[in-house]
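Enquirer: The residues making up each chain are set out below.
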Amino acid sequence: MIRQYLSDQLVELEQELLRMGAVVEDQLRAAVRALTEKNSALAREVIQEDDRVDQMEMDIERRCLTLLALQQPLASDLRIISTALKIITDLERMADHAADIAKVTLRLENEAFIKPLVDIPEMARLASSMVRLALNAYVHRSIDEAYTMIRLDDDVDHLYAAIFRDLIELIRDRPDAAGQGTHLLFVANYIERVADHATNIGEWVIFMVTGERKEMND
Amino acid sequence: MEPKLRVENLSVWYQRQPALKHVTLSVEEGEVLALIGPSGCGKSTFLRTLNRLSEEQVGVRVTGSILLGDLDIHQPQVDVTQIRRRIGMVFQAPNPFPFSIFDNVAYGPRLQGAADPAALRKIVEQSLRQAALWDEVRGKLRRPALALSGGQQQRLCIARALAVNPEVLLMDEPTASLDPLSTAKIEELVGALRGQYTIVMVTHNLRQAARVSDRTAFFLDGTLVEVGPTRQIFTAPQDSRTEQYLTGRFES
Chain L
1 MIRQYLSDQL VELEQELLRM GAVVEDQLRA AVRALTEKNS ALAREVIQED
51 DRVDQMEMDI ERRCLTLLAL QQPLASDLRI ISTALKIITD LERMADHAAD
101 IAKVTLRLEN EAFIKPLVDI PEMARLASSM VRLALNAYVH RSIDEAYTMI
151 RLDDDVDHLY AAIFRDLIEL IRDRPDAAGQ GTHLLFVANY IERVADHATN
201 IGEWVIFMVT GERKEMND
Chain V
1 MEPKLRVENL SVWYQRQPAL KHVTLSVEEG EVLALIGPSG CGKSTFLRTL
51 NRLSEEQVGV RVTGSILLGD LDIHQPQVDV TQIRRRIGMV FQAPNPFPFS
101 IFDNVAYGPR LQGAADPAAL RKIVEQSLRQ AALWDEVRGK LRRPALALSG
151 GQQQRLCIAR ALAVNPEVLL MDEPTASLDP LSTAKIEELV GALRGQYTIV
201 MVTHNLRQAA RVSDRTAFFL DGTLVEVGPT RQIFTAPQDS RTEQYLTGRF
251 ES
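If you're matching them up, the sequences are chains L and V in order. Under our numbering, the first sequence has 104 at position 104, and the numbering climbs by one with no breaks. Under our numbering, the second sequence has 32 at position 32, and the numbering climbs by one with no breaks.
I should point out that these hints are in silico values taken from the structure, not numbers from a laboratory. These figures come from a predicted structure and were not determined experimentally. Idealized CB from N, CA, C, for every residue including glycine. One or more of the hints may lead you astray.
Facing chain L, according to a computed beta carbon distance under 7 Å, are these residues of chain V, among others [to be verified]:
1. Gly228
2. Pro229
3. Phe234
4. Ala236
5. Asp239
6. Leu246
7. Arg249
Pair by pair, the computed Cβ-Cβ distance ranges are [unchecked claim]:
8. Val80/V <-> Thr66/L: 47 to 55 Å
9. Thr66/L <-> Arg211/V: 54 to 62 Å
10. Glu188/V <-> Tyr147/L: 25 to 33 Å
11. Arg151/L <-> Arg241/V: 53 to 61 Å
If you want the footprint, here are the derived chain L segments under chain V, 3+ residues with CB under 8 Å [said to hold, decoys possible]:
12. 62-74
13. 77-89
Start from the sequences and build out the full structure, keeping to the hints where you can.
Expert: Dropping the structure here:
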């Protein structure tokens with residue numbers, strides 16, 4: 001095989017990206033679990049771990065820039081590396097949202113929930129599975145998998161709309177619940193953003209495979 | 001807009017050996033077209049056929065047509081000298097004549113009958129300016145061309161080609177023998193000439209093709225595999241053979 005070094009480097013890049021993706025997925029699950037279980041210690045851990053994700057983003061970014069400068073990749077190699085550069089930005093934002101959710105958990109530390117949390121954990125499950133599916137699509141270079149994942153975004157959006165409706169109604173009926181209700185709305189919004197970032201990753205996978213940019217978020 | 005050069009179904013044989021097979025390709029007015037591909041792919045043959053240089057070799061056979069405007073340049077009644085005035089060429093290694101700088105650039109115009117010293121001086125200055133060499137050689141025009149550096153010699157050859165006011169400029173790996181700085185100057189010069197002249201350039205340096213050309217054509221085994229906007233060819237080529245060549249994973 002010619003250009004073995006570059007091929008090896010692309011495999012390493014992919015593995016680092018997957019490691020970062022796994023950490024982000026863990027962060028999201030942990031953040032929502034900390035919220036539902038009112039586990040402040042876990043929420044603090046999530047906030048701390050965000051630095052690690054930032055570091056991973058910078059490491060992968062440096063790796064990509066080095067490859068661009070020294071290997072001067074073209075065609076699909078170029079697309080693989082530029083896609084990695086975009087994906088890490090989306091992953092890093094998701095981790096930020098996990099930390100945002102953890103911060104809400106700490107604010108609500110001493111309050112009883114105004115309603116049982118059902119839809120939020122469900123929405124979070126969907127969103128974090130989108131993250132995993134997006135990275136699988138990247139590894140498999142699969143447009144089909146990317147599209148399948150992107151379709152889940154509709155379910156997330158529906159849940160978000162339902163949560164929004166419920167919480168607004170609750171706040172209208174019980175003004176004393178407005179504070180917590182608003183925080184929970186933020187949480188739902190963060191999760192919705194996570195799903196959008198997963199959709200972005202799917203779009204980048206489609207670009208990587210086909211060379212064409214498709215905008216799926218609306 | 002009408003293309004500057006229209007190549008249709010062009011095939012070239014050396015003796016029995018096919019070097020180009022049924023190539024159809026248009027070159028747009030004022031564009032820089034880069035020809036890339038592995039050694040022996042036919043890109044240089046293609047270039048040298050565009051001004052009928054390939055026929056200087058024994059046993060060459062050409063079929064198909066090359067239209068410069070309305071003129072089919074391979075018709076027997078066509079004057080080759082006229083074709084080469086309209087379609088100039090710059091070669092791999094600089095090849096100035098063993099004359100002075102001035103006489104090198106004035107050579108073509110003199111052949112065409114320009115004799116008035118003032119007019120010649122004007123042509124020489126203008127050509128040297130266009131080739132971005134004037135500032136380095138003004139006041140030294142009587143010095144031997146061979147005393148110039150390699151990069152300057154190559155720009156002198158470009159000035160010499162421009163002096164007869166060609167429409168098309170063919171460049172056969174024009175920076176193959178030059179250092180990076182001289183290479184950068186030639187590339188900049190190509191950028192400056194774009195628009196005024198139609199330029200077709202063979203290069204083995206993919207980065208160079210990417211930097212200087214508007215469109216890129218990829219040749220393989222005597223066939224034109226793919227031609228398209230350089231931006232697209234280098235980021236998302238359509239043909240898997242182009243892809244393999246560009247990513248350096250080509251096993252021939």
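Enquirer: Decide, hint by hint, whether the structure agrees.
Expert: Outcome of the hint check:
no., hint, result
1, Gly228, "violated, 12 Å"
2, Pro229, "violated, 12 Å"
3, Phe234, "holds, 5 Å"
4, Ala236, "holds, 3 Å"
5, Asp239, "violated, 11 Å"
6, Leu246, "holds, 4 Å"
7, Arg249, "holds, 5 Å"
8, Val80/V <-> Thr66/L: 47 to 55 Å, "holds, 52 Å"
9, Thr66/L <-> Arg211/V: 54 to 62 Å, "violated, 21 Å"
10, Glu188/V <-> Tyr147/L: 25 to 33 Å, "violated, 45 Å"
11, Arg151/L <-> Arg241/V: 53 to 61 Å, "violated, 35 Å"
12, 62-74, "holds (count 3)"
13, 77-89, "holds (count 3)"
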